[in-house]
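Trainee: Each chain, written out:
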Amino acid sequence: MRSARSGLAIALCTTLLAAVTAGCSGDGGGGGSKAPVPGVTDSEIVIGTHMPMTGPASAGYSKIAPASKAYFDYVNANGGVYGRKITYKIMDDAYNPANTQNVVRQLVLQDKVFAVLNGLGTPTHTGVLDFLKTNKVPDLFVASGSLSWNQPDKYPDTFGFQPDYTVEGKILANYVKANMAGQKVCFLGQNDDFGRDSLAGVEKILGAGGLAAKDTYVVTNANVGPQIGKFAAAQCQVVILATVPGFTALSIGTAARLNFKPQFVVSNVGGDYSTVAGLLGAGKPLLEGTIGANYLPSVANAADPWTTLFTKVDKDYNGNAPMDGNVVYGMSVAYLFVQALLAAGKDLTREGLIAAVEKGGFTGPGLAPFRFSKADHSGYGGLRMVKTTGGVQDYFGPTYQTDDGDGAVTEYSGAAGTPPANGIPSA
Amino acid sequence: MRVLPGNTLLRHLLIAAAGGAALWALTYQLELYRDYQLATAAAYLCATAGLTVLTGLNGQLSLGHGALMAVGAYTVALSQDKWGILSLSLALGVLAALAAGLVIGLAAARLRGPYLAGVTLAVAVAVPAVTTTWSSVFNSDQGLPVALDPPPGTLALEQWQAWLAVGCALGVLVLLANLTRSRFGRDFRAVRDDETAARLAGIDVARTQVLAFVVSAAGAGLGGGLLAVLTQSVSPGAYALSLSLYLLMAVVVGGLGSLAGAVWGALLLVFLPDLTHQLTVGLALSPGAAQRVEGNLPLAVFGLTLVIVMIAAPGGLQGLLRKLVPFRTITPLPKSEERPVSDAQRT
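Just so you know, the protein sequences line up as chains A and B, in that order.
Numbered according to our numbering, the first sequence terminates at residue 1167, and the numbering increases by one at each position without gaps.
Numbered according to our numbering, the second sequence terminates at residue 394, and the numbering increases by one at each position without gaps.
In case anyone wonders, no lab produced these hints; they're calculated from the structure.
As the structure is a prediction and not an experimental result, all values here were calculated from the model.
Below 27 angstroms or equal to it, Euclidean Cα-Cα: the simulated DSSO-like pairs (lysine-lysine) are: (1) A:K1024 <-> A:K970; (2) A:K894 <-> B:K129; (3) B:K129 <-> A:K873.
The following block holds chain A by itself, in its conformation from the complex (with noise of 0.2 angstroms):
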């Protein structure tokens, strides 16, 4: 009886083997002459993000994308790029990197895509690159400064916008050694590359012994009681913070119960003042004094054309969103999209996309130049040092400039340019 039961069970796996070996052969040889784009028609072109408009990360961070589609729609509305308009679809996936997994396969295979534009994340977006790779979708101007988006020869379809964490860390750490010696410095990071990164640029500059003491958080424990804490008990004068907006609120409001009074330095990605203010609330006074870094044009000084044309835009295409860093930088990403799509020409492919992409050239809102080669992936090259004095958030001194490696800091005395008159970008 056993021995029927097996046979049996032997010939059913050899059958269905054999059919399946036989599926795979009947697939072969599909491949037509000229496949048609994806996501590409004579009046469209689709595009797609993941972004947390929900969870941990969403406080400011999710103004981002429907800043970037009303940028979008400000085109479309002035003939879009060489006739087609771009369709901006935005996928929540909460800081999620399950999520993420879930909503870019969603974007890719299902809504078939013809990029994805600034995925935010860096635990979240390091988990698509594999699957991105494989469907050779050109993955453009990711939402966040890890050093991974810097790979040409592991993942040659993906490319940074914002400076990337080493650099930022280093031009922080360079203004804290040269405006704050002897302090005793330490460090907060997220637990995952973005912290890392950073760290790692700090202590270039400072020396691997250079921090009294440093911690990390994860974004799903909304507690940071012991690492303040422990920089409280270890007398830090400065703390450096690599956070989200959502901790770097958590990580100044506990500073302040624990009546802990250090000098905050918070990342570009955290610091932004209105994001974290209108986390603070009533403790808004805190951030007094705080100080960070920002390469795109301020919201507080409204002479800056930029921000009257991204102000315009918000004002007629996003409901008039309250302006902050998050729509500038929205904006901005879309503004540099715009111009990589012109660059990649009339008959546009994924090919050459990412060759205009690689050719750079690109000119906006930044103070610093791309990076953008074909060796080099990663995106803006400097920052300048912002500071909050009386509730304005805004640059002072010169922008500072350096690489992910051993390099100095040095001073970039380039400027930012100007917009073209209609505010889009020509070819």
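Please build the complex by placing chain B on the supplied structure of chain A, with the hints as guidance.
Mentor: The following block gives chain B in isolation, referenced to the frame of chain A:
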């Protein structure tokens, strides 16, 4: 009236083969994203099938099956990183979950009702903390990548994944279907219905309960391992407490104690969030409202479905279907099968 053979194993193998062939043909018809969803449903099915046996047939409540899936998933990720042999990794994933299930099961066999729920809940809650505490191994919230060799030939990755997951799920179903119709299955039900009576009948109650937990943990481990393979990554966010609760809700809505109910549950787990996403897109809400609805609507719909099913069809979707379609004429079941599951729920 017997259409299918009376031999249990033969019958189950035939049903599985027919189902497998139908699904195999289906993977060619579906878009790649649907293939991926099918594969995800199959991976969830491994876990829900195990859970429905544990909760429906053996009467033990587990709120920690998400954690057991995580054990399988992380084992697969670590093993793929080290050796890169997929079959070995999946086997190790099952073994690791089995071992974890044994430990939890040993504790569980001494506990009843809310205390059992509490212990399993603690396990589910511990997952993120474990990945953070040993972040050098598990890499905290960011998780680990799962290295995968490309599929053979010109086969699309998603289609190949669907075959793998469906194959594994069918294997699990056949094994569990046989188990529940064997002496062990009868022991499971005897222990669920009345522990004292079972003991008087010579059944080792504690051993039966541990066995049920281990079997169901193995299913969860395989499901978790498959999920890791499908997404090519593992992170604690994929195995949060909510997953454990979703799994339980899925088997209850599907129909507690029935493997067909577990299939319904697994399908719901995959397609309900998708459906609510389509709904929010279709509603054309203002961006702000859409944001708030998008993340929360699946939860609300799932909760509402649970409430409606409990009121309208306490036997779950499968129970409802059985009422509408006279299944008994197709697959004759022994008399003990007919005992309504609600007996156990009332105690």
